[in-house]
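Listed below are the residues making up each chain.
2 protein chains.
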Amino acid sequence: MANSNSGESATDRFVRVLETFTPTRTTQTATDIGRRAGLPSSTAHRIVGDLVAAGLLERDEDRRLRVGLKLWELTTRSSHALWLREAALPFMEEVQARIGEHTQLVVLEEDSALCVERLSGASAGENMTLIAGRLPLHASSSGLVLLAYAPQQFREQVLAAPLKRVGPETVTDPARLRRVLARIRQTGHVIAPGTVSAVSTGVAVPLRDRTGEVIAALSVILPRGVDPLPALEELKAASRAIARTLGTHSR
Amino acid sequence: MANSNSGESATDRFVRVLETFTPTRTTQTATDIGRRAGLPSSTAHRIVGDLVAAGLLERDEDRRLRVGLKLWELTTRSSHALWLREAALPFMEEVQARIGEHTQLVVLEEDSALCVERLSGASAGENMTLIAGRLPLHASSSGLVLLAYAPQQFREQVLAAPLKRVGPETVTDPARLRRVLARIRQTGHVIAPGTVSAVSTGVAVPLRDRTGEVIAALSVILPRGVDPLPALEELKAASRAIARTLGTHSR
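Protein chains in written order, with the working numbering: chain U, 1 to 251; chain F, 1 to 251.
These aren't lab readings, by the way, just hints derived from the structure by calculation. Please read these numbers as outputs of a predicted model, since none were measured by experiment. Glycine is no exception: its CB is placed at the ideal position from the N, C-alpha and C atoms. Among these hints, one or two may not hold up.
Which residues of chain F face chain U? A partial, calculated answer using Cβ under 10 Å [said to hold, decoys possible]:
(1) Leu-18
(2) Ala-54
(3) Arg-63
(4) Ala-132
(5) Pro-136
With the rest of the complex left out, here is chain U:
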C-alpha cells in the first residue's frame, strides 16, 4: 500500500482509526478520531471521508461516526471466529438454558483472552466480559484454561510479566499461578471464585479440535456461592459435543 510521508502505511493508519472505537465509545467526531489516533486533523478528516465513502465507517442520525455495518458484514461473514462460534453455539445454548447464567466462548489472541461469544439470559448475574472484549489471561477462568494449555515458552512469558490484581482473589504470585495451571492440566477444568469480580465465580473447560489441540475455552459465570458442579458437568458435556462437531468439518 502507498505510504504517507511519515513512512506509515495506509493500513497502519486505518488500524489506528479503528482502534479509537471501543465498546464504550461507539461514536465519535472526525476531530476526536484524529486526536485519539494521533493524526493531524486534516489527515483524519481525509481518511474518515474515504472510509465513509467506502462504507467502512458510517454517520448516525447526529452525524457522528461509527463503525459501518458493511465493515462488520465483510469481517464477520468469513471470519474464523464465526466458524468456531457457529459450531459451538447450539451447545452453548443448551448450557445457557440449563444453567441460566452467562455462557462464553473465549480464544487466545495476542496476550489476552478474547471473548468470541457470550450468551446471557435476561436474569443472569453480573458479568464484566463483552463480546469481542478482552480479559487478562491470569485473571479470568477462560484465560486460565487458555494459559494452562498454551505453549510453555508463552506461558513463562506471561508468568514473568507483572500480574495485575483484577478481582479480590486473582492469583498474582507466579509460583502459585504455576501450580494453578498445572492443576488445570490435571483436572481439565478450573473453578475460579473472585478472580475477575468479588461477586462471581468463573467455571471453565478447554475446547479441543479433532487433533486434541486446545483451540478455545468454554466458561460459565455464576453468582458467587452457587454450586459450580452442575455448570461444570454441562460445560464438559458441551465441550465433548463441540469437539465431535469440529471433527466433521473440513476446515
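Based on these hints, arrange chain F on the given structure of chain U.
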C-alpha cells in the same frame, strides 16, 4: 489516504481485498486474492503483506490467508449491529427455546436484508440464512417486513427493479407485492411459506425503537406445515420486550 497511480485509494483496495472473502471462501492464497480483486499480483502480495503485519489478515496452519481475529475484534467490539444484537439476544433466546427453530435478527443494509444474528437449536430445520449473510428484500420474511416499513421512495425503487424468484412462492409481481406489503403494515407481521425455500415458512415482525421507527425485523424459520401462530405470538412478545429495553438505552 494516499492514492496509487491508478487514482484508487488504499481504502478502496482494502475493501476489494476484503470482498474476496465470503462465507464459502474463508481462506485464500495471495495470488487468488489478487486475481479475484483485480489487482496485479505484485500489488496483491504487497497489500496482503501489509494487512498480515497489521493483524487484519492472518495465515492459517497451511499458510493460507483468512480474515484476522484482530479485525473481527476491532470491528465487532464497537459495532452498531452488536449493540442491537445485545439488546435483542436474551429475548431471541426465549423465542428459540420455546419454538425450537431458527430465530433471526435482520436489518436493512443497502438493498438487502442483512442477518445480524441467528440462533439455531441443534435440531432446527433447513435455513439458508447465514450470520452476516444477505437475502433479497422481496424474497424473505424479514426482508418483506423491512421493505413494508421502508421509506416509500426506496420501496418503489425495489418494486421497479426485476424481482427474482428465490423460492417457489416468492412474490415477483410488483402489484401483488405491493398488496403483500400493505397487508404487513396493517397486521404488523408476515407469514411467508415457500418464499425462500419450498420446505420452510418464514414468520416475521418489525422491531421498533423508542420513537416507533422500525429498525429491524425479527423472524423465525419453521419447517413447512408447522402451525405458525405460536411462533408469531412469541415474536410479537419478544419485539415488544426488546423495544422496551431499547427505550432505556441512551444510544
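Here's how the hints hold up against the structure:
1. The closest approach between the C-beta of Leu-18 (chain F) and any C-beta of chain U is roughly 5 Å, which is under the 10 Å cut-off, so the hint is satisfied.
2. Contact between Ala-54 (chain F) and chain U, as hinted, is supported at the beta carbon level, the nearest pair being about 5 Å apart and thus within 10 Å.
3. Annotation: interface hint on Arg-63 (chain F) violated; nearest CB of chain U at approximately 15 Å, more than 10 Å.
4. Given hint, Ala-132 (chain F) at the interface with chain U, holds; its Cβ is 4 Å from that chain's nearest Cβ, closer than 10 Å.
5. Evaluation of the Pro-136 (chain F) hint against chain U yields a violated restraint, the C-beta minimum of about 16 Å exceeding 10 Å.
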